[in-house]
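Chains as they are written, first to last, in my numbering: chain A, 1 to 305; chain B, 1 to 294.
Since the hints were made in silico from the structure, they are not lab data.
Computed from a predicted model, the values in this text were never measured in an experiment.
Mixed in with the good hints there might be a few duds.
What the hints assert, rightly or not - In silico EDC-like links for lysine to aspartate or glutamate, alpha-carbon gap of 20 Å or less:
{"#": "1", "chain 1": "B", "residue 1": "Lys146", "chain 2": "A", "residue 2": "Asp95"}
{"#": "2", "chain 1": "B", "residue 1": "Lys98", "chain 2": "A", "residue 2": "Glu170"}
{"#": "3", "chain 1": "A", "residue 1": "Lys91", "chain 2": "B", "residue 2": "Glu92"}
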Amino acid sequence: MTTTAASPPRAWHAFSFRRLAALTGNTLTQLIRTKILYFLIVFFLIVTAAGFFFPTYGEQDLKLFKDVFLAGMSWFTLIFAITATAMLIPKDVEDRTLYTILCKPVPRLEYLLGRLLGVLCLIGISLALMDGVCTAILQLKAHLNQETQLAALRTVFGAKIPIDEITRIEQLYARQGPTWDLQTAVLGIFCQSSVMAAISLLLSTFASSSLFTILSSFAVFVIGHGQSLLREHFFSTQTLGPTSGILSLLLSLLSPDLKQFNHIDAVVAGSHIPWQLTGEMTGLALLYLGGYLAVSWLIFSGREL
Amino acid sequence: MSDSPPAVSISHLVKEFRLGVFRRQVVRAVNDVSIQIAPGEVYGLIGPNGSGKSTTMKCLLGLLNPTSGTAAIFGRDSSKVDSRNDVGFLPENPYFYKYLTGTETLAFYGKLCGLGGAALRDRIRELLAMVDLEHASDRRLGGYSKGMLQRIGLAQAIIHRPRLVVLDEPAAGVDPAGSRKIRDLILQLKQDGISVILSSHLLEQVQEVCDRVGIIFRGDLVVEGKLEDILSIEDETEVRLRNASPELVAKIQALVAAEGGATYLGSGKPRTTLERLFLDATDSSERGERTVNR
Numbered sequence: 001m002t003t004t005a006a007s008p009p010r011a012w013h014a015f016s017f018r019r020l021a022a023l024t025g026n027t028l029t030q031l032i033r034t035k036i037l038y039f040l041i042v043f044f045l046i047v048t049a050a051g052f053f054f055p056t057y058g059e060q061d062l063k064l065f066k067d068v069f070l071a072g073m074s075w076f077t078l079i080f081a082i083t084a085t086a087m088l089i090p091k092d093v094e095d096r097t098l099y100t101i102l103c104k105p106v107p108r109l110e111y112l113l114g115r116l117l118g119v120l121c122l123i124g125i126s127l128a129l130m131d132g133v134c135t136a137i138l139q140l141k142a143h144l145n146q147e148t149q150l151a152a153l154r155t156v157f158g159a160k161i162p163i164d165e166i167t168r169i170e171q172l173y174a175r176q177g178p179t180w181d182l183q184t185a186v187l188g189i190f191c192q193s194s195v196m197a198a199i200s201l202l203l204s205t206f207a208s209s210s211l212f213t214i215l216s217s218f219a220v221f222v223i224g225h226g227q228s229l230l231r232e233h234f235f236s237t238q239t240l241g242p243t244s245g246i247l248s249l250l251l252s253l254l255s256p257d258l259k260q261f262n263h264i265d266a267v268v269a270g271s272h273i274p275w276q277l278t279g280e281m282t283g284l285a286l287l288y289l290g291g292y293l294a295v296s297w298l299i300f301s302g303r304e305l
Numbered sequence: 001m002s003d004s005p006p007a008v009s010i011s012h013l014v015k016e017f018r019l020g021v022f023r024r025q026v027v028r029a030v031n032d033v034s035i036q037i038a039p040g041e042v043y044g045l046i047g048p049n050g051s052g053k054s055t056t057m058k059c060l061l062g063l064l065n066p067t068s069g070t071a072a073i074f075g076r077d078s079s080k081v082d083s084r085n086d087v088g089f090l091p092e093n094p095y096f097y098k099y100l101t102g103t104e105t106l107a108f109y110g111k112l113c114g115l116g117g118a119a120l121r122d123r124i125r126e127l128l129a130m131v132d133l134e135h136a137s138d139r140r141l142g143g144y145s146k147g148m149l150q151r152i153g154l155a156q157a158i159i160h161r162p163r164l165v166v167l168d169e170p171a172a173g174v175d176p177a178g179s180r181k182i183r184d185l186i187l188q189l190k191q192d193g194i195s196v197i198l199s200s201h202l203l204e205q206v207q208e209v210c211d212r213v214g215i216i217f218r219g220d221l222v223v224e225g226k227l228e229d230i231l232s233i234e235d236e237t238e239v240r241l242r243n244a245s246p247e248l249v250a251k252i253q254a255l256v257a258a259e260g261g262a263t264y265l266g267s268g269k270p271r272t273t274l275e276r277l278f279l280d281a282t283d284s285s286e287r288g289e290r291t292v293n294r
């Protein structure tokens, strides 16, 4: 067979992991090589460095560190999820690379899914790395603070520190140090970023500019965090009319309830997050992802290129 | 006659675009175009800018939805994704991912077509050699010249060994030597029995490689047929002589006048094409020869 000779017709499958992996891998490569990530890493490093210069000690030091670090993670992934996703489809259309992809036997849903998974993979990898750094620093800080506090007690009680006091200090730092609840908060950040990436992808399937997509996505983010308050307001108002009801329903459908993914305050306070809540949060994120992806597909499948 | 379905079957294709804020302005880009291309045939689709060539091709590739009419590739509805299993496409001025190397680009498109493993690696090596880009296989596409981009584009179009290749201005912006390479690749496709749709403004190239040509103008297919049929001038006869003296030419002219019925239209030196002159000149320069016409 010569270099250009045709092969016999091949079997085609409506879904292929190889195609999906190729699209996901390409998105990952694109995001890494186009240096969007590096700019945000610098931003994150500044936040991390700031965490070492708090004029606090003891429990307060750990609380403040967790607060700043988790907030940094949250903003880092949010900005990345929205801006990176918003640029993917418009750039493919503008550069005509989309023609060469969709002229291959690639269903449009697979293209969208590959793009989204690529972004989510990179967010996941970034979060895992940041989580590792956060956990290590927190472990170190907890250990140092605990030792400092015990040393202070030794100066008061000598070698015979009351066992109750030791237990209290150990429990305090076990609660404020690295815990599974901290991992749940990080999972919440991942869920929120994933949902925002899916919204950004949806908007970019019909938006004419990336700027519109980015601004609209941030608007959805703001509404998403106040959605539960607005909904409560509509439902609790005595004069609830049909308009308010419809508005409330629309709000619930159009914007995600992002408060469900925010466990940062609870973790900073040292509270325990039940496993059931973690499960519910993950399920809700998957539901939103599926829903927004389905709408994206409906819009994108009819789009003319 | 073969029972196999035509490589391309476009029937009464109409494509309208709605413009304006309220989408009330209707522009008909393609008007009732029907084209049949047999397996192994090279078909040239030519016409001025904005005549509807690219729109016709996009409808065929499922990138645009026809307003009415149908398009099929080897008997399969071209709006269905599986029909693209048999097609390779090189768009006009393609911009591939600049951050990928030549090898990575072909690997990406190969995987989209279901290829993988050693078969894909071998195919990539084979294609890089075919388009003469082995030396640049590890270089990112951001550093490729226009001609190199067109060649890697052609390689990605045929990575899965399609039975139909659609080329939209494959030699646009490419120097004559690069254009010749692309022409040779199209001839190779033709030799291997691949159907090709070629849209180009380089009419000489179209004439060299195509079996049939369609001229599209303002959305209408105004001329279509085999090249030898549409290019021959039915009421004229060409006589070509070598080393003919002016006296002989005068005798022929007198004979034609004496016979009556026919008209002697003229005589002169046949001309080469500018492309051939350029290539001959650059080839001889490479060999250290120099020719000056005074």
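Here is what the structure says about each hint:
no., hint, result
1, Lys146(B) with Asp95(A), "holds, 15 Å"
2, Lys98(B) with Glu170(A), "violated, 55 Å"
3, Lys91(A) with Glu92(B), "holds, 17 Å"
When each numbered hint is compared with the structure, a violation occurs for hint 2 only.
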